[in-house]
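As they're listed, the protein sequences go chains A and B.
Going by the numbering used here, the first residue of the first sequence is number 1, and it counts up by one from there.
Going by the numbering used here, the first residue of the second sequence is number 246, and it counts up by one from there.
The hints are simulated quantities; they were obtained by calculation from the structure and are not laboratory data.
Don't take each hint at face value.
[To be verified] Per the computed footprint, the stretches of chain B lying under chain A, defined by three or more beta-carbons under 8 Å from a beta-carbon of chain A, are:
1) 261-269
2) 521-528
[Stated by the list, open to error] Derived DMTMM-like pairs (lysine to aspartate or glutamate); straight-line CA-CA distance at most 20 Å:
3) Lys2(A) - Glu365(B)
4) Lys189(A) - Asp225(A)
5) Lys183(A) - Asp366(B)
6) Lys189(A) - Asp244(A)
7) Lys26(A) - Asp117(A)
8) Lys183(A) - Asp268(B)
9) Lys183(A) - Glu272(B)
10) Lys2(A) - Asp364(B)
Every residue, glycine too, gets a C-beta built ideally from N, C-alpha and C.
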Amino acid sequence: MKPVAFEHATAATLDEARALLTTGAKPMAGGQSLGPMLNLRLVRPERLVDIKRVPGLRGFTETETHLTLGAATTHAEIEDGRVPDVTNGLMRHVAGGIAYRAVRNRGTLGGSLAHADPAADWPSVMAALGATILTSGGRRLPADGFLRAPFTTALEPGEIITAVEIPRQPPGARWGYCKINRKIGEFAKAIGIATPTRLLAGAVEGPPTLLDRVEDIPARLPWLDPAAQRLAAIAVTRAQAMRDS
Amino acid sequence: MITLTVNGEARDIAAPARTHLADALREHCGLTGTHLGCEQGVCGACTVLVDGQPMRSCLIYAHEAAGMEVTTIEGLDEDPVAAALRDAFNRHHALQCGYCTPGMMVTARDIVTRLGAVDEDRIRAELAGNLCRCTGYRGIVRAIAEVAATRPALPAPAPRPVVAAPAAPPPVAVAPAAALTNRLEHAETLALAPDAAWAILSDPARAVACLPGARLLHREGEAIAGEIRVALGPLAARFAGEGTLRFDAATRTGELRGRGAEGANAAEGEVIWRVEPDGEGSRLHLDIGWRLTGPLAQFSRPSLVRGVVAGLAADFARNLEGAARGQAPPPAPGLWSLLRRLVRGWFSRRA
Ligand SMILES: Cc1cc2nc3c(=O)[nH]c(=O)nc-3n(C[C@H](O)[C@H](O)[C@H](O)COP(=O)(O)OP(=O)(O)OC[C@H]3O[C@@H](n4cnc5c(N)ncnc54)[C@H](O)[C@@H]3O)c2cc1C
Ligand code: FES
Ligand code: FES
């Protein structure tokens, strides 16, 4: 199927993006989630606003404590180490497992967070890392809680993600990541993440959920059926074992 | 009306904004080698090169691709890697109906150029996004493994450089030099008193003349412009770059930070040097940080570059001693000595 007719606009600055993002308009970064939805006519925008060339959305800054990555950073740039890694390899590992290289060359960190598919990788990873999402509205939103419900975020209409601020992990800090899927490159059926201080269950058909112990899964994820709860427990247990091995 | 650059040729096409690149190629350019399967990014049949990197032509709009270099299967006729792959696909029976083959070839070429000699497990993982209904993949994997094992020297894909303009209120700005991903330290003993060494090291024109392959083009205050030729194995690049140069005579420390580019290769780096007394002579400490992107980057593993730097630094030290005695610096090293260093780098990596 082909998308509905729409207008294509490219924003060169953040102000231009704000001005173009009126009702009926949709921001587009890599187009790797929007494209399929447009082709299936699940989304029918009047205008697409290409935001990935806005200068503030590219590049990165680093401080003693944080790395701030532009929202339009691609999965492949993270995979290849073309941007710094402050997570002792966790982010590079995750990036390499998202979709396929041809998709990773275009799909972006910000697009993935804004798209808010619970089965996607970055929403879970950013929540587990305690990252902060920076927006065109000047807001700083904790990644934990940013995904409110499937395909629903804390963003206001017309507001876009400009960057993500990721806390630097201590040198040598270990992590574990377990993505359960049927085939390499597919969305997860369950995600387990273990950082030095946290456990997280992701791809749970709702917000990625921080846990104290694996045993808390039934109480913390009551909306999942028992089989999905067991899969979540397997993912988190494996992540924990990977971290502690 | 938009202008697409396809296989090196500019094409003006009138396509509405909703036209994806695959349709633009097939319908507007008559290039039907690009196939469409799912139009959801899953099957890989539509994979083409955009600015040298594989992308789904069903998930990029023709309007987005305007101004970028698009290479389709038709544009790979003369490509040496694609030629080797075609031959191997043929011998290993890696195609039957051929529907998946254009996308397979583009992905296979990316595997070979980006990853070089990789095992079959990795090839299977990388091929997960290209579906074939006929062959069962065995022949495809073997064909790719065979070509990958030879690691031909080739024009590898140009990465999208990470650049941010300084503008805009939000927090993301230009990458600071502090973020350099590779670092190494090196020291050389100089048969020169610290002051004599510093006299040359603090004079950019004389110091640069001692660095094989480097030329100083311009200097104004702390700002300098120059170029350096870097050659690693079959790859050679001349980086023209700009940077800042600072000196601290009290501690006999100098600091050079800069960035430059050559074609698809971009380099960013810093060198901090310090001269300390050491018996009769002195010791030159180098602290080097760098990041390379582009084909050259696959050689930027620290252990490998360490070998090259050690060679360059030794030449630099000898040239410095020569300059102090009033000798003219020798010409840039030939490819042979650079290759020797490369080999040394490989061995020290394996040792
Ligand atoms: C075959 C296939 C397999 C995939 N597998 C995985 C997988 O395993 N794991 C995974 O995590 N992802 C997967 N993805 C999704 C992929 O990671 C996408 O790149 C990502 O979800 C969206 O990023 P994008 O830049 O392409 O966003 P787009 O498609 O451009 O946009 C997605 C949504 O976010 C909005 N948006 C984009 N950028 C911003 C912004 N900066 N601020 C506000 N809103 C914005 C858009 O309006 C749109 O609603 C897959 C995709 C495909 C096609
Ligand atoms: S048609 Fe583009 S991936 Fe299937
Ligand atoms: S050869 Fe027929 S789909 Fe691959």
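Hints, verified against the model:
For the segment 261-269 of chain B, the stated coverage by chain A holds: 5 residues have a C-beta nearer than 8 Å to a C-beta of that chain, and at least 3 were required. Proximity of the segment 521-528 of chain B to chain A, defined as three or more residues with a beta carbon under 8 Å from a beta carbon of that chain, is not established by the 0 residues found. For the hint linking Lys2(A) to Glu365(B), the alpha-carbon distance of about 37 Å lies beyond 20 Å, and the restraint is violated. Distance check on the hinted pair: Lys189(A) and Asp225(A) sit about 13 Å apart at the alpha-carbon level, within 20 Å; holds.
At roughly 14 Å between alpha-carbon atoms, Lys183(A) and Asp366(B) fall within 20 Å of each other, so this suggested pair holds. With a CA separation close to 23 Å, the supplied pair Lys189(A) and Asp244(A) exceeds the 20 Å bound. Between Lys26(A) and Asp117(A) the CA atoms are separated by roughly 17 Å; this keeps the pair inside 20 Å, and the hint holds. For the hint pairing Lys183(A) with Asp268(B), the CA-to-CA distance comes to about 28 Å; that exceeds 20 Å, so the pair is violated.
For the given pair, Lys183(A) sits about 33 Å from Glu272(B) by alpha-carbon distance, which is inconsistent with the 20 Å threshold. As the CA atoms of Lys2(A) and Asp364(B) are separated by approximately 39 Å, the hinted pair breaks the 20 Å bound.
Of the numbered hints stated above, those contradicted by the structure are hints 2, 3, 6, 8, 9 and 10, listed in ascending order.
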